[in-house]
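A.B. asks: What follows is each chain in one-letter form.
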Amino acid sequence: MSIIPSFAPTAAVTAFSAQLPAFLSGPAGIVNPAFIGEAPYIPNQDEVGTGVLAAVQVFSLSLKDVVNSTGTISPTPAGWQLFAAVNSSPPQVVSGLAVQRHNGAWKLASVAYGPLVREQFDEFSELSTLPGLSATEAYETFLLEIPGANVRAFWLVPQKAGSTEFIRPLPHGNAQIVPALKAPTAYPVQSLLATLIPIATANLAMSARYGA
Amino acid sequence: MANQFEIRVRNTTVKIIVGGSQGDHQGNGSASSNAPGGSSGSLPPGDSGGGLPESASGCCCSAVVIGPIVVEGSSMQGENGQTQGGSSGNLPPGDSGGGGARPNTQHGGGHAKGGSSANLPPGDSGGGASTSNSGCCPTVVIGPIVFTGSCSGQAAPSDSGAAAGVREVTVDPPAHLGLTALSSVEKIPFTMQPQQQTEWCWSAVAVSVNDFLDPATPPTWTQPTLATALLTKDGTGPLNCSETDQAERACNQPEALDVALTITKNLWKKGFLENKRLAFECLQKWSDAQLPVCARIAWREGGFHFIALGGTNMTSSGQQQVWVLDPLPGTPPKLWDYESLAEHYGLSQLGFWLDTYLLTK
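For the protein sequence lines, the chains are A and B, in the order given.
When the letters of the first sequence are read in order and numbered with this note's numbering, they come out as residues 940 to 1151.
When the letters of the second sequence are read in order and numbered with this note's numbering, they come out as residues 70 to 430.
Here chain A stands alone, though its shape is the one from the complex (with noise of 0.2 Å):
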């Protein structure tokens, strides 16, 4: 089993290279803030590489996506999420989301820190290893978010057509608030649509004022 590599548009990359000292610690960034509490620990823009450590391709699946699904999935794109070093002891990864906007233009909606962060790009960096995946088969990695249903997956398509799209879940183990995604495996596709259509469904039906 192997994972396919990922690699963003330029111009994605671009804006993300471009635009991440607005989100560190420097001149450029975080110069005057006000931090409810104790400020966060933000990297500085000597500690961060300029390089990109890794990408991966973002997409979104509505609740009613869920609800409405035969089987498959298919998902819409939604921005790219890049992951860049921190030069720190420990080492450390920020990561950052870059989408298109209807202009055309690619901006940096988001920067993210600390270490669960690093955890989230261990996980990428090790779904080769995943137990559940086909030994034979090649994989393309996406990240997939299904807001409402409050699920983050890496998403992995084979190569090879018709067979078996899974999923893994973000956060695994006791972290996973879905009491079925808990196992640290692959899922299939069709094991999560079963799992979140119930959720879906509720969820759509949500009351006013009411939030999950």
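Because the hints were derived from the structure by calculation, they are not lab data.
From a predicted model like this one, the values you see are computed outputs, not experimental measurements.
Please note that a few of the clues may not be correct.
Stated by the list, open to error - Heads up, incomplete: computed chain A residues facing chain B, CB under 8 Å, no partners named:
hint, residue
1, 964
2, 968
3, 973
4, 974
5, 975
6, 979
7, 1002
8, 1055
9, 1074
10, 1087
11, 1109
12, 1112
13, 1136
14, 1138
15, 1145
As the list claims (entries may be wrong) - Label pairs and their calculated CB-CB ranges:
hint, chain 1, residue 1, chain 2, residue 2, range
16, A, 1133, B, 303, 29 to 37 Å
17, A, 948, B, 286, 34 to 42 Å
18, B, 319, A, 1043, 46 to 54 Å
19, B, 318, A, 1127, 46 to 54 Å
20, A, 1113, B, 430, 26 to 34 Å
21, A, 1043, B, 386, 40 to 48 Å
22, A, 1074, B, 332, 37 to 45 Å
23, B, 319, A, 948, 23 to 31 Å
24, A, 945, B, 332, 43 to 51 Å
Claimed, not checked - Derived coverage of chain A by chain B (criterion: at least 3 residues anywhere in the stretch with Cβ under 8 Å from a Cβ of chain B; other residues may be distant):
hint, stretch
25, 944-952
26, 1041-1048
27, 1099-1107
28, 1116-1129
For every residue, glycine included, the Cβ atom is placed at its ideal position computed from N, Cα and C.
Keeping the supplied structure of chain A fixed, place chain B upon it in accordance with the hints.
C.D. replies: Same frame as chain A, now just chain B:
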């Protein structure tokens, strides 16, 4: 999606469409399926349920389309032979609640005060009255009238239309509520607990806020104890949400954050701002006062989620950024571009900031 109302006026049907996008009439509009409906159109200015000393003066309101207003029937001339403009005259400027999106609208200003297009400044409407059937029973079509969000001289973001119906407001925090008196040594981190159940973002946010504003050892509330209290209060109980089986089943329900914050005594009096989000400059003041702000995110195509906003930053280039704490497990703290947070939240970009919750300790 436009809302259409019919009002009977002396044997005449007046059809008013609120919230239609310009595209409803021109064939290229877009509107959010989750944008709140037009109910707020009947509210007086500045009184949308909050009663706070809020101001929309610094807002960049989304475009709103009212009309076309169609007056049919024999009494079109009214008592004085004048066209009657329906009820849109009751709508406060920029607050019709309908939310039709009209990207790239050039100008509007939200100055319209009455229901008649005659009150609009020149060039500020989607059309004046036109008549047909010039005999005794003509039909009159007024509008569509387009209100665009050009407050403070700022144009609405070119791709921000989907959060239409959400008003940007300013509500300053009372000075006595802040924690600025605390020294930096005494400051504790404001952190977000990951939600423990799929539907418990409301509990995670409320408990995290309470831990920060009213710290206690042991903590006053946990996610299960708050869930137990709220679900018992609303009649779902009696339950014990600290028991795993009940937590995953009967207790695992979506709920209202304002109710949860009321139980923890952290919701500011009338601090629930429905269909409103804070202007960035206002958000800065709450951060300066060391008071988090909570937000309800609406997902286009279904679902809602609560988050907390834990700080702000303005870059030297003028970019407005907000520190976002999301209870979704595995979600690291993130710094969001303000416009992206307001209109395109989440990895999916499907979220927008719909409601606001102002806090107290």
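A.B. asks: Decide, hint by hint, whether the structure agrees.
C.D. replies: The hints, checked one at a time:
no.	hint	result
1	964	10 Å, violated
2	968	6 Å, holds
3	973	4 Å, holds
4	974	4 Å, holds
5	975	4 Å, holds
6	979	6 Å, holds
7	1002	4 Å, holds
8	1055	4 Å, holds
9	1074	28 Å, violated
10	1087	2 Å, holds
11	1109	5 Å, holds
12	1112	10 Å, violated
13	1136	13 Å, violated
14	1138	6 Å, holds
15	1145	5 Å, holds
16	A:1133 / B:303: 29 to 37 Å	30 Å, holds
17	A:948 / B:286: 34 to 42 Å	51 Å, violated
18	B:319 / A:1043: 46 to 54 Å	49 Å, holds
19	B:318 / A:1127: 46 to 54 Å	25 Å, violated
20	A:1113 / B:430: 26 to 34 Å	32 Å, holds
21	A:1043 / B:386: 40 to 48 Å	21 Å, violated
22	A:1074 / B:332: 37 to 45 Å	53 Å, violated
23	B:319 / A:948: 23 to 31 Å	47 Å, violated
24	A:945 / B:332: 43 to 51 Å	45 Å, holds
25	944-952	violated (count 0)
26	1041-1048	holds (count 5)
27	1099-1107	violated (count 0)
28	1116-1129	holds (count 3)
In this structure, the hints that do not hold are numbers 1, 9, 12, 13, 17, 19, 21, 22, 23, 25 and 27, in rising order.
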